[in-house]
Amino acid sequence: MKVIVCIKQVPDTTNVRINPETNTLVREGVASIINPFDVYALEEGIRIREKHGGTVTVLTMGPPQATDALREAISLGADEAVLVSDRAFAGADTLATAFTLAAAIRKLGAIAVGTVPAGQVDIILMGRQAIDGDTGQVGPGVAENLAIPHITDIRKIEEIGGGRIVVERLLEEGYARLATSLPVVLTVVKEINEPRLPSLKGKLAAKKKEILILKAAELEADPERFGLVGSPTQVMKIFTPPKPSGGKKFTGEPAETVGALLAELAASGISIRRM
Amino acid sequence: MDPIRVINQNCVGCSLCVKACPYDAITLSGPPGAKPDKATAVIDLEKCTLCGACVEACKRYKAIVITRTTFKGQNLKLYSGIAVLAEHRRGKLASVVSEIIGAARELQKDLSAPVSAILVGSGVRKYTDELLSHGVDEVWMVDNPAIGDFDEDVQAEIVAEVLLERRPEIFLGGGTIVGRSLLPRVAAKILTGLTADCTELAIDPATMLLRQTRPAFGGNIMATILTQNHRPQMATVRHKVMTPAAKVDNPQGTVIDLSYIEVPKSKIEFLEFVEEKTAMVNLVEADVIVSGGRGIKDPKNFAVIESLALATGGAVGASRAAVDAGWIPYSHQVGQTGKTVKPKVYIACGISGAIQHLAGMKGSDMIVAINSDPNAPIFDVAHYGIVGDLFKVIPELVRRLESRE
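Chains A and B supply the protein sequences, listed in that same order.
In this text, residue positions in the first sequence follow numbering that gives the first Met the number 0: the first is 0, and each later residue adds one.
In this text, residue positions in the second sequence follow numbering that gives the first Met the number 0: the first is 0, and each later residue adds one.
For the record, the hints were derived by calculation from the structure and aren't laboratory data.
Keep in mind the model is a prediction, meaning the values are calculated, not measured.
Glycine is no exception: its CB is placed at the ideal position from the N, C-alpha and C atoms.
Treat the hints with care, since some could be wrong.
[Stated by the list, open to error] Partner residues aside, some chain B positions facing chain A, computed with beta carbon under 10 Å: (1) Gly90; (2) Arg184; (3) Asp196; (4) Lys246; (5) Val247; (6) Asn249; (7) Glu268; (8) Asn281; (9) Val380; (10) Ile393.
[Unchecked claim] Here's a subset of chain B near chain A, in silico, CB distances under 7 Å, partners left out: (11) Phe70; (12) Gly72; (13) Leu75; (14) Arg179; (15) Lys188; (16) Ile220; (17) Pro263; (18) Lys264; (19) Glu274; (20) Gly312; (21) Val344; (22) Ala381; (23) Ile385; (24) Val392; (25) Leu396.
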C-alpha cells in the first residue's frame, strides 16, 4: 500500500484575535501544531502500513516553517515528508488548495521520494476538517481533481484487499458501511483510532530526515489555478462575533434553584417535561 | 467530453443559435431521412471558440451547454436564479432542505429570481409535492433507479450537469455530512467557489453578490466571503440556523424532468446502514438535549444525564472532555469537532464551556447550565444557570418533572 497523508499546520488554539487596525488575524506568540484531525489520519495510515506493508508519505502545502509539522509527522512514524511550498500558492482557497495538493499527489505517483518508490498511490488520508478553517472541503476536492472516489467522515476501516476497501462512515443518525475501489481519498473522524505518541527512534529520524520541497513549476499544472489567482472565493471582511453577556444565575439549595429555574421556564412558556 | 454540446432532448430546431454564432460553427441537421422539423443543432468544434453567444441565444430552451468552462472568463450574465440541493436519504427529505429553501426564498426577495430545488436519486418523484409545498418555483429532477443514496461520485456528476444546463447564479446545500461531501466535489468539477457551513446569507446591495458569512476558528471569528467572478456562487448552510420555509397553501411550482441525464456507474458500493441505538434520539433533530462534561467524573455517572434526558424526552450529548475520557461514544459529542446542534433547550451539565463546545451549541434557542463553578464560561452563554452540584440538582429536577409539580 502506498499511503499519502495530507496534513495542515494550524495554530495551537482557536482563541485568535483580530487586530482592529489592520483587520487581520493576530497569530503572534501562538505555537503551531498538526491539525488534530490529521493526527488521526496519520495514525490510520501507519496502521495500514503495519498491517498491509507499504509506505506512508506525509504531504502538506504551506510556508517553509510547515516543515516543523512534517518533522513531527516523521517522529510519529511516517516514512517520508513532502512540502509543497511556493509564493505562488499564497492566498489559496479550498478549490486552489485541492487543485495544488492533487497535482502534488500525481507527482508523488511518478517519482521516488527517499525510501518511497515511484508508483501509484493507493490511499490518501486526511482529517475531516482543519480546526482553523473548519471547511472540510479539500478532501472531496482532491478526489475530484484526481478523478477517484472519496468517502468522508470515516470512523473505521474494516478491510482492504484486492483493490477494494470497506469502511464505516459516520452520519447524523448512525453509520453506513460502504465499499469502494482504490485509489481513494478518505477523511477521518477521531473515533477511528487512538494516535500513538512519538517514539525516541522516531524523534531521532525526524531530526535527520531530508524533506522534499516541491515548487509550483515542479507540479506541471496550470499556474493560473494556484494561490490567490486560482481562488474563486475572497474574504470580504472578518469580524469578532458579539460576546454574549450571560443570563440569570441561581445559587442555593437544589430545591430552591430547581424551583426558580422551572418557574422562569414556565414564565417564558417553555416546558422541558417529556410529552 | 466535448467542451460544448447540444442537448437534443431540449433542442427544438429553432435555429436561433445558428444566427447567433459569429463563427458559422452551428448548423441544423437531423438523422438521414428525417423531416426538417426533427433537425437539431450541431456544433462544429473546429470552428467554435466557446464564446457562449449560442448559449445566450438558447436561453429559453437551455439546449446548449458549455461543459467545462475555462477557469477564467465565465459569462456571468448567463446565470440567474437560486438553486438548492434537495438532500434525501432512506426515504425522507433531510430536515435541512426546508431551511435552505427558507434561506433561498429570503434571498429571492432581493434578487427577484426563481428558487429551484435540485432533486437527484432513485424514486425521488415522491418528494416533489413536499418541495413544491415549501414554495419552490421549479424542481429540477433526475429520477433514475441507478442512483444510490451514497453514490456521491455519480451524484456530483449529475448535479454538476444540472447546474451547467440550468445555470443558477446561486447554489446552496445543507451543511450536513453529505452536503459537505457532495458540494466540494461539484465545485471542483465546475470550477467555482464554495463557502462552507454558512450561518448567514444576504445579497450585497451594491454588487448583488451573495454575501456568505460563516464562523471560523471554532466560532471565535466570523468571515464574510464573496465569489465574484465564478458561477454559481456555492455555499453549504449550517443545519438548524435558517428558519424553515413556510408552507404555501397553493403550490404553483412545476417539476422539470431532467431524467434524460446520463448516469455513469458509481465506484461506491452501499453495504448497509446501521442506526445508532445509543443515541436515544438523533442529536441534530432533538428538541431537548442534555449534555454531560468533565463534571460527570465517571462513566457510570452518565446515568444521571440519561435520567434527565428521559424525563425531558431529550437526547444525550457530551463535551469533548467526556468523549476523550471514554465515558460515552464520539457520536454524542457536541462541539467544533463533534456535532452542531440547535435544540429548543440545551441543558449543559458539568460542562465548563470551552469555546470549542460553545461553537457546537450556542445557536440553541435556550441554554440552561448546571455547574458547581460559578465562574465557568458556560454561564456566559446560558440563559439560565444553576450553580450547584449536578448530582444533587439533576435528581431534584428529574423528581419535579416526573411528579408534575
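Against the structure, the hints come out as follows:
no. : hint   : result
1   : Gly90  : violated, 13 Å
2   : Arg184 : holds, 4 Å
3   : Asp196 : holds, 7 Å
4   : Lys246 : violated, 23 Å
5   : Val247 : violated, 28 Å
6   : Asn249 : violated, 32 Å
7   : Glu268 : holds, 4 Å
8   : Asn281 : holds, 5 Å
9   : Val380 : holds, 5 Å
10  : Ile393 : holds, 9 Å
11  : Phe70  : holds, 6 Å
12  : Gly72  : violated, 11 Å
13  : Leu75  : violated, 12 Å
14  : Arg179 : holds, 5 Å
15  : Lys188 : holds, 6 Å
16  : Ile220 : holds, 5 Å
17  : Pro263 : violated, 12 Å
18  : Lys264 : violated, 11 Å
19  : Glu274 : holds, 4 Å
20  : Gly312 : holds, 3 Å
21  : Val344 : holds, 5 Å
22  : Ala381 : holds, 6 Å
23  : Ile385 : holds, 4 Å
24  : Val392 : holds, 5 Å
25  : Leu396 : holds, 5 Å
The structure does not agree with the numbered hints 1, 4, 5, 6, 12, 13, 17 and 18 stated previously, though it agrees with the rest.
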